[in-house]
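A.B. asks: Protein chains in written order, with our numbering: chain A, 1 to 187; chain B, 188 to 370.
Keep in mind the hints are simulated off the structure, nothing from the lab.
For every residue, glycine included, the Cβ atom is placed at its ideal position computed from N, Cα and C.
To give a feel for the contact side, a few chain A residues facing chain B, derived at Cβ under 8 Å:
| # | residue |
| --- | --- |
| 1 | Y64 |
| 2 | L65 |
| 3 | K67 |
| 4 | A79 |
| 5 | Q80 |
| 6 | E82 |
| 7 | F83 |
Within a straight-line C-alpha distance of at most 25 Å, the following computed DSS-like cross-link-like pairs (lysine-lysine) qualify:
| # | chain 1 | residue 1 | chain 2 | residue 2 |
| --- | --- | --- | --- | --- |
| 8 | A | K70 | B | K286 |
| 9 | A | K90 | B | K286 |
| 10 | B | K281 | A | K61 |
| 11 | A | K112 | B | K286 |
| 12 | B | K301 | A | K86 |
| 13 | B | K286 | A | K67 |
| 14 | A | K70 | B | K284 |
| 15 | B | K281 | A | K56 |
| 16 | A | K61 | B | K286 |
| 17 | A | K61 | B | K284 |
| 18 | B | K301 | A | K90 |
| 19 | B | K286 | A | K86 |
| 20 | B | K301 | A | K87 |
| 21 | A | K152 | B | K284 |
| 22 | A | K87 | B | K286 |
| 23 | B | K311 | B | K362 |
| 24 | B | K311 | B | K301 |
| 25 | A | K86 | B | K284 |
| 26 | A | K56 | B | K284 |
| 27 | A | K90 | B | K313 |
| 28 | A | K22 | A | K129 |
| 29 | B | K284 | A | K90 |
| 30 | A | K56 | A | K90 |
| 31 | B | K281 | A | K67 |
| 32 | B | K281 | A | K70 |
| 33 | B | K284 | A | K87 |
| 34 | A | K28 | A | K56 |
| 35 | A | K90 | B | K311 |
| 36 | A | K90 | A | K152 |
| 37 | B | K281 | A | K90 |
| 38 | B | K284 | A | K67 |
| 39 | B | K286 | A | K152 |
| 40 | A | K87 | B | K281 |
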Amino acid sequence: RWLVSSSLFPLSCIHTSASLQKIGKWEKKNRIVYPPQLPGEPRRPAEIYHCRRDIKYSNEKMWYLAKLIKGMSIDQALAQLEFNDKKGAKVIREVLLEAQEMAVRNHNVEFKSNLHIAYSLSGRGRYVKRIRYHGKGMYGIMNIGRCHYFVKLVEGPPPPPEPPRTGFDQAKEYVQQLRSRTIANTL
Amino acid sequence: LVMVFPPLPRLRGLLRCCWGRLERSLLLGFSGGQSPPWGPALAVQAPAFFPQAVSDTGESNEAPSLLDSVLWMAAPKKRRTIEVNRCRRRNPNKLIKVKRNIDVCPECGNLKQKHILCGYCYTKVKAETQLIRTEIRKKEGGPFNAPTVESVVLYDGEKPTEKDEGKRIIERARKRPSWFVQN
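Bound conformation, chain B alone:
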């Protein structure tokens, strides 16, 4: 069977339902245990009148089944005018609401939402944490080498106090940032 794809949607729909019915009839034929009716069945339905004849029989078959089955499809009756469309699209519940929970971050002065961390401060801390992690990676030298003791980060010119007795020390070669408070 050569599939033809016309651009008209009606013919396409008809062909699809005709193909579906053919498939169903073929399946029924197989379950009956008969020989596959490829040759004889298709020779009878000559492709010359294939769309017309089958479409006529198809319509007469489809109408009672449409009424019986509950497969009616909802379709718009009239075109929605631009006025109606505008009323729906510009309804206040569809407009973007003004946010009233924006504040100024006391640390950096950028804007932040009240229930969310300041984006600037977060990226700043993230960058520093990334550098500390590279230091840790250099020290450990491979996966699964994490020690069982705590770690402490020390910056330039800092000595470990008596509180940092058994901890692993990670050196960072820069001045301590103001937001990273030493215990």
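The following block holds chain A by itself, in its conformation from the complex:
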């Protein structure tokens, strides 16, 4: 659910998508405009959506990097990616720097270090099938895979990590489950 503000969009920006085939959903998320906040409401933190499409890298391998980044502050994420030897680390680093630049320029973010990564996802891009030539005239069909990378930066310090579930928590939940049982068709 997103609300469009009362300001009119100039028609020019809607019809200039002739060059791009289709604007993805993630790119459209940057366009939502919230109505102005009332004086009593807590400040809504700025959200920046950025993505890169058709990266020549495997989706499964990109997932490991996205999992590494999740929930970190942007400085920590950039540090970890700088010293990672994977090919996708370089790509993600560029995407994060671009998103940081966009945040400061377009989305009214005051401090570029005050961002943390809320969502970091990798998606399957378009695959093409090609012939791989083996010896003796044999052939195999290989898949050339691409992936997309999506990131959402949110202003503010990163949320504290969840404490891991201990046995005591699990026992408490079990006892609670037992207590909340009811016997049907009785008083």
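Fit chain B to the given chain A structure using the hints.
C.D. replies: The following block gives chain B in isolation, referenced to the frame of chain A:
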């Protein structure tokens, strides 16, 4: 023999083992000192029934040798479900570990690992060393002309001190960089 390459892997495997057995039998024939059995032997095994007949005999021959030899191949019994695959792929030992040895370089302010030289400072020094080496190359003018004395690098407006008495001087036409300390 015309090689046929069907896409089915079973026929391909059968043909391969049939070809192997043919080769072995031909080698045995040669060691016996007989005439090469190209013509007669192949005329007997007519290619019309070549795959069927040989495959039947081949299976009856292969089964006892398979039991005798220890060449059984391990093969998966069931397809690994995506849940099992995910448990293996997302196990913490397969996830990328967070590095805790990243610091800030005191010279340039870039990030560096604790046990590794700062990348930025290293490239900076490397570029300067490359220029000094071009100067040396110009001075020497060819290979195998390295002098037997030490060299000292002097920048703009520097004079050789009494410590640099017998050394070869290499001039660099720029201000001394702050990180290159003069002795």
